[in-house]
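Chains as they are written, first to last, in my numbering: chain A, 1 to 69; chain B, 1001 to 1069; chain C, 2001 to 2069; chain D, 3001 to 3069; chain E, 4001 to 4272; chain F, 5001 to 5272; chain G, 6001 to 6272; chain H, 7001 to 7272.
Honestly, the hints are just simulated from the structure, not real lab data. Worth double-checking, as some hints may not be accurate.
[To be verified] In silico DSS-like links for lysine-lysine, alpha-carbon gap of 25 Å or less:
{"no.": "1", "chain 1": "E", "residue 1": "LYS4186", "chain 2": "E", "residue 2": "LYS4132"}
{"no.": "2", "chain 1": "G", "residue 1": "LYS6186", "chain 2": "G", "residue 2": "LYS6132"}
{"no.": "3", "chain 1": "H", "residue 1": "LYS7132", "chain 2": "H", "residue 2": "LYS7186"}
{"no.": "4", "chain 1": "E", "residue 1": "LYS4117", "chain 2": "E", "residue 2": "LYS4132"}
{"no.": "5", "chain 1": "G", "residue 1": "LYS6117", "chain 2": "E", "residue 2": "LYS4186"}
{"no.": "6", "chain 1": "F", "residue 1": "LYS5117", "chain 2": "H", "residue 2": "LYS7186"}
{"no.": "7", "chain 1": "H", "residue 1": "LYS7132", "chain 2": "H", "residue 2": "LYS7117"}
{"no.": "8", "chain 1": "G", "residue 1": "LYS6117", "chain 2": "G", "residue 2": "LYS6132"}
{"no.": "9", "chain 1": "F", "residue 1": "LYS5186", "chain 2": "H", "residue 2": "LYS7117"}
{"no.": "10", "chain 1": "E", "residue 1": "LYS4117", "chain 2": "G", "residue 2": "LYS6186"}
{"no.": "11", "chain 1": "F", "residue 1": "LYS5186", "chain 2": "F", "residue 2": "LYS5132"}
{"no.": "12", "chain 1": "F", "residue 1": "LYS5132", "chain 2": "F", "residue 2": "LYS5117"}
[As the list claims (entries may be wrong)] Far from chain E, some chain G residues (derived; all Cβ distances over 10 Å):
{"no.": "13", "residue": "ASP6062"}
{"no.": "14", "residue": "ARG6063"}
{"no.": "15", "residue": "TRP6078"}
{"no.": "16", "residue": "VAL6140"}
{"no.": "17", "residue": "ASP6226"}
{"no.": "18", "residue": "ILE6256"}
Small disclaimer: the values here were computed from a predicted structure and weren't measured. Glycine residues also receive a C-beta, built at the ideal position from the N, C-alpha and C atoms.
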Amino acid sequence: MNELTVIVNGASRQVPAPATARRLLEHLELDPRGVVVEINQRIIRRPQLDDAHLAEGDRIEIVHFVGGG
Amino acid sequence: MNELTVIVNGASRQVPAPATARRLLEHLELDPRGVVVEINQRIIRRPQLDDAHLAEGDRIEIVHFVGGG
Amino acid sequence: MNELTVIVNGASRQVPAPATARRLLEHLELDPRGVVVEINQRIIRRPQLDDAHLAEGDRIEIVHFVGGG
Amino acid sequence: MNELTVIVNGASRQVPAPATARRLLEHLELDPRGVVVEINQRIIRRPQLDDAHLAEGDRIEIVHFVGGG
Amino acid sequence: MTSTAQPPRVELDQPLTIGGQQFTSRLLVGTGKYRTSAEMLATLESSGAEVVTVAVRRVDLDRSNEESLLHVLDPDRWFLLANTAGCYSAAEAVRYARLAREAGFNDFVKLEVIGDKDTLLPDVEGLLEATKTLAAEGFVVLAYTNDDLITALKLEDAGAAAVMPLASPIGSGLGLLSPYGIRTIKQRLAVPVIVDAGVGTASDACLTMEQGVDGILMNTALAEADHPPAMGHAMRHAVAAGRLAYLAGRMPRREIAVPSSPGSGMLDEQSS
Amino acid sequence: MTSTAQPPRVELDQPLTIGGQQFTSRLLVGTGKYRTSAEMLATLESSGAEVVTVAVRRVDLDRSNEESLLHVLDPDRWFLLANTAGCYSAAEAVRYARLAREAGFNDFVKLEVIGDKDTLLPDVEGLLEATKTLAAEGFVVLAYTNDDLITALKLEDAGAAAVMPLASPIGSGLGLLSPYGIRTIKQRLAVPVIVDAGVGTASDACLTMEQGVDGILMNTALAEADHPPAMGHAMRHAVAAGRLAYLAGRMPRREIAVPSSPGSGMLDEQSS
Amino acid sequence: MTSTAQPPRVELDQPLTIGGQQFTSRLLVGTGKYRTSAEMLATLESSGAEVVTVAVRRVDLDRSNEESLLHVLDPDRWFLLANTAGCYSAAEAVRYARLAREAGFNDFVKLEVIGDKDTLLPDVEGLLEATKTLAAEGFVVLAYTNDDLITALKLEDAGAAAVMPLASPIGSGLGLLSPYGIRTIKQRLAVPVIVDAGVGTASDACLTMEQGVDGILMNTALAEADHPPAMGHAMRHAVAAGRLAYLAGRMPRREIAVPSSPGSGMLDEQSS
Amino acid sequence: MTSTAQPPRVELDQPLTIGGQQFTSRLLVGTGKYRTSAEMLATLESSGAEVVTVAVRRVDLDRSNEESLLHVLDPDRWFLLANTAGCYSAAEAVRYARLAREAGFNDFVKLEVIGDKDTLLPDVEGLLEATKTLAAEGFVVLAYTNDDLITALKLEDAGAAAVMPLASPIGSGLGLLSPYGIRTIKQRLAVPVIVDAGVGTASDACLTMEQGVDGILMNTALAEADHPPAMGHAMRHAVAAGRLAYLAGRMPRREIAVPSSPGSGMLDEQSS
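Based on the sequences and whatever the hints tell you, model everything.
As C-alpha cells, then:
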C-alpha cells in the first residue's frame, strides 16, 4: 500500500495514498464539522473535502476554534 | 371666650383658652400622627398631647418630615 | 506699455510686461529676502528670481513666515 | 565622695554630689549650647543651668535637634 | 483548561446590617430636590433602595398639607432615616434628632453637624459631641463625616453605628476625591462605612463600592439627573457592580500587554 | 413638589445592532485564559453576554480533543465571534478571517492586525488594508483599533461594521486611559463603537459606557479575577449601569456644595 | 498683532511671610532620612530652601556626638523649624515645642499631633488644643493638619500663624489627593497655607503650587530620591513653576482643538 | 547618617540634539495667537526657548508689512522651525515644507498632516508618506503625531529625526491624557521624542517631562495665559523641574505613611 508524505500543521506525516482531505481527517480521527482545512494556503470548503486530493509534500493546516479574547 | 397668644413656628397666634397641644393641632387641622410638637424646647410625646397645657407666650414648634438628603 | 495678467496669491493682477519674479516683488514692494515665490507650483529659488519670467495666467504664490505653533 | 542616682534619658546614672544641671552636662561632656535640659518635666533655661540642683531620683531629659521632616 | 474542575464558589454577599437591622439594598437615597413627587417615587422604586432619608422641618401652617412627605412615602414600604441637615451645632443636631425620633418610626438618625455654609463640610468636633450624646440616648447614629480616618475612628469609639464619610461635598457631583482615604477608613473600622455625598454618576458609585465600603447614600445625583428614574436604575446596577467587583477581586494592573488568545498554534509554524 | 405631574418617560434603550444583527447584551466577552472550562462557562453565563470571541488555531494532533472549544460552547447558545489575534500583517489576518468563516457560523470577524509584540497595539495601516479586503468579501468587520479618531473614521469609510478602540493595552487592566478620545470617536462615527481591551474592573466598564459607546468587549478582567463568575456578574451590572447613566444624563459637576434638604423651615426662625 | 503695545507687566510675587518673618523660598524641606549628612547638605543647597525642619530627640549618651545636627547645619545659614513629630497628644506636643524653643533659635514650631501610627494622620482635636496653648505662649504655630476646611478655619481662629494641610500621608509619595480640598482651604484662609507631606515628585509640587498655596514642605521626596541633590534642584524649579503658573493664569481647558497657526493665507485659496 | 560619605554625583544632563544639531533648551515654543509682538517676544525670552515654530502663509499684499515675522524675530537669535500647519494631505505638507526651506534658514520642518478640522488630529497615513518624501530630500523631519507607539516606530523607520506625539489636541489645554502612551513611545524609540500640543499649564509640562521625553513644544498655553511672559517663565522652570526629577529618580509610592523624623529617642521612654 502506498503512502504520501505531507506536512500537517507543521509536522511531516505519512498518510495512506490515495488521500483526500476527508480521508486525512478520518485518519486523524477529527470530526469535519469542528475543523477547517487548508491545503497549500487554499481553503477547502466542507462540501469539497472529498474532492481535495493530497499530493506529496502538500502543506496542510487543520484549524479549529480555541479560547481567545 | 378667652384667648391665649402663643408663638407657633415663629409667628404669633391667638388660640382659644384653655388650650392643650392636642387642641392646638385640631385648631390648625393637623393630624397628630404626622407631626411632632415641642413646647419651649421640650418635646411633647404623642400620648401626652392632651396633658400639655399651653400658657401665654409659649414658643411652640410643630415639625414633620420633608424631602431631604 | 504691455501688461500681463497673472494670479498672485489668489487674485488677478496686472503687471508690466515683460516681467520676472524679481520684478514682481519690486512691483509689490516686497523684500526678496523675506519671502519665497512659487510659480505654477514650482518654487523659484532666490538666485533664480531674475530668470523666472512670468507668462499670462501664471499662478503665483508669494509666502513668508507668520506666527504659528 | 557622695553620689546621686538620677534618671537621665531613661537610664539610671550615678553623678557626683552635689550636682547641678550644668555639672551634669560637663560630666556627660555635652556642650550646653546644643542641648536643652528638663528636670522632672520642668525646662531649665540655659542661664539657670547653674542654679538647677539635682536631687536623688530626679528624672532628667537632655534633648537636642536631630534630622526630621 | 480542563472541564472537570469546579468553578470556585462565589461567596454570597451578606446583607447590609446597621444597628442590628438588616437592609435589602446597599444603596440609600435622599428625597430632596425632585421636580415632582411622582418622579421621586419612580426614582426610589427604580433605585431598589430600602432606606430613604428625610429632613425635619416646620410644618408650613399657611399652606395646604400636600407637601407632607408621609402622604407620599408609605412608612411601611420605606425605612425612613431622618437627618439633621441644616444643623450647625451639636445641640441643634441633638434637638432635631430627638424630634425626629418622636415621629415614631425608628431610632436611626443620619447625624449632620455642618461647619460651613459654602461647603457643607462637617464640623467634626460638634459631630463627635452629638454622636456621644445621641448614642447614650439609644439612637442608632449614622454620622456624616469627612474622609479623615482619625475622626472616623473616634466616631466609632463615640458609639456611631455607622460612619458616613463623604466622597466629595454635598451636591457637588465631583465623585470620589480620595479613594485612598475611603479605603483606609473601611479597612480600619468595624462598624459599617456608608459613603455619603458627592457621587455624581454611576461610575462614581461603582468606584466607591470597589473600595470595599458597605453602602452609598446619594440624593442630588438622582434628583438632578435629566431622567431621575433612569439614573435610579443606573445606580442600582452601579452599586451592585462595584460590590460584586470588590468581592470578585480584580485582575492586577500591568504596564504591559498580555494576549488573551493563545500564542502558539499559529499557522506556518515549523514543528520542532 | 407637586404629586400630579408625571415623571418623564425613560426612553427605552435600543438593542445593540451590528451588521444588521441585533444582540441582547452590550457586553461581549472573550474565552481565553480561564483556569477551567467550567469556570469559563459560569462566567459567560453570569456576564449575560451573547457574543463570545474565539481564536483560530491549529488542532493539536498530539493531544486529545478535549480542548476543542465547540465541545464546551454550544454555537446555538452563543454567538461565536472569531478573532484574528496573533496576526501581524493584513494578509495574515485576512487568511485567518477566511478560515474562521469556513467554520460556518457567521460572517463576523473581530479583526486584529497587531503592530508590536510587547504592547499588542494595532498596526492601523495593515488594519485598514485588511478591513477593505474583508468588507469587500462580505465580512462583517469589527476592527480592533487604537483611540485615534482619524483612523476610526477611515475604518468606517473602509467598510468596518463596528469600530473597536481600546481602553488600554490588551490584558493590561489599566482602564480607560482617554475618555476624551473614546467619546470623540463615538460622537463622530455612525457605525457602533465597541470598546475592546484594557478594562480592568467594574468601574472601568461603567465609566467607558458613560462615554456613550455601544458596548464593551473584555476577557482578562474576567478570566484573571479572583472569582471570574462573580466578576462576570459585576460586569453585567456595570455595563447596564454605565449605559443607563449615559441615557439618564448625569447632574452637573460643581465646585460648591448644594444642600439636599430645604434651607428654610428651621426651628427658631423668626417669622417675617 | 501690533508691535507697539506693551506686554502686560508681570506682577512681582511677594515673598512668603509667616508670623511677620519673610522667607526667601516657598520650598521648606525636612532633614530626616538622608543617607549621609553630605547628601543632605547638598540637597538643602540645591533646593534653595531657607527653612529646614528638625526634630527634638534625646541626646544619645552612649554614642559620639557626630549625629548632632547643629554640627552639620549652621543655624546662621538655615532657619531651623522644630517639629513635634512623634507626639500623640496635645500635652506631649506642647512639651516638645517648649523644649525646642529653649534651644534658642526662634519661636516657630511645626506642630504635629498624630492620631494614628499607621497613617500618621493628625488628631485635629489635639491639634486645636495644642495650637491654642502654644499661640497663647507666643509661639508662631505652623499646624500640620488634614485637608478639612473646617479644621483649617478653626486652626486659624485658634491662633495658628500658618496652616499646613497634607497632600497625602507623610512619606507616602501619593501626591496631591484632593486639589479641590487644598484650593478651598487656600481660598478661605487669611494665614499662609503651606502644603506638608505626600508630595512625591516634581509634578506633584508644581500641581500643588498651582492651587494657589503659599508654599510646600517636603522631606521624603528628596531624601528617598535616587539622587537627592538632583531632586532638590528639581523641586526648586517645580515650586517656582507652579507659583508662576498660578500667578500667570492658565489658559482655559476645552474639549475641542484650536489651531495655533493662522487658518487663512493658505496656498491656492481663491481670493474673494 | 555619617558625614564622611560623598553624595552621589548628579549626572549632568546632555543637551537636546535633533538631526545632529544641539539646542540649549528642551522647551520649544510657537509664535501664534499672541496679543502683541511685544508680548510674544517677552514670552519667548522668559521661556528660555531657542527653537520657535513659524507657519508658512501667503504675504498679505493689501496690508502693510508690519506683520512679517522676520521683522520681529531675529533669525540669528532664534532657531526658526517652520511647520506645515493647516495641511490636510501629504502632498500639501510637502509643498509647504519645500517653500519653508527656501526661506533659507535651515532644513528642519515640523511636519503636520492634519486629518480632521475639529480635532486637528494627525492623519498618520499621510504623515508617514510625507515623512518618507521629505527625509529622502534631506529634511530634518519632526513629525507631529498621535500617541500611538506603532505609528511612532514607523515614523522613525521612515526617517523622522524626531517624533512629536501629542499630549492632547492642539489648543485644548487638556494636559497629558496618556502618560503611559508617551512613556512607552519614549522607551521604544531611538530618536528624540518631543511632546507637542495639549499642555495647558506648568504641572502638565512637568508631568510630561517626567515620562522621560526629550522636550516639549507648546504655543497656546503661553499665548492664552492671562500673563504670557509669566507663563513663559513658569514653563521654563516646569520643563527643568520635570527633566531633573526624571533624572533624579523619584521615591516609590506607597499606601502607608512613613515618618520623616526618628521613631526612637522620644521623651519618657524607658531605657532597656
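Cβ separation check - TRP6078/G to all of chain E, threshold 10 Å
32 Å, holds
Hinted pair, alpha-carbon criterion (25 Å max): LYS4186/E, LYS4132/E. Please report holds or violated.
21 Å, holds
LYS6117/G paired with LYS4186/E [C-alpha distance capped at 25 Å]:
Holds. LYS6117/G to LYS4186/E sits at ~17 Å (cutoff 25 Å).
Over 10 Å from every CB of chain E: does ASP6062/G meet that, or does the non-interface label fail?
Since the minimum Cβ distance to chain E is about 36 Å, ASP6062/G lies beyond 10 Å and the statement holds.
Is it true that the CA of LYS4117/E sits at most 25 Å from the CA of LYS6186/G?
Holds, at about 17 Å.
Does the alpha-carbon distance linking LYS6186/G and LYS6132/G stay inside the 25 Å limit?
Status holds; Cα separation ~21 Å.
Verify the proposed pairing of LYS7132/H with LYS7117/H, using a straight-line Cα cut of 25 Å.
This hinted pair holds, its Cα atoms lying about 24 Å apart.
Quickly compare the C-alpha distance for LYS7132/H and LYS7186/H to 25 Å and report which way the hint goes.
Distance of about 21 Å is within 25 Å: holds.
Checking a non-interface call: every C-beta of chain E should be farther than 10 Å from the C-beta of VAL6140/G. Is that right?
24 Å, holds
Is the Cβ of ILE6256/G more than 10 Å away from each Cβ in chain E?
22 Å, holds
Holds or violated: LYS5117/F and LYS7186/H, Cα atoms, limit 25 Å.
This hinted pair holds, its Cα atoms lying about 17 Å apart.
Holds or violated: LYS4117/E to LYS4132/E, with C-alpha atoms at most 25 Å apart
The hint holds at about 24 Å.
Every hint, counting from the list given before, is met by this structure.
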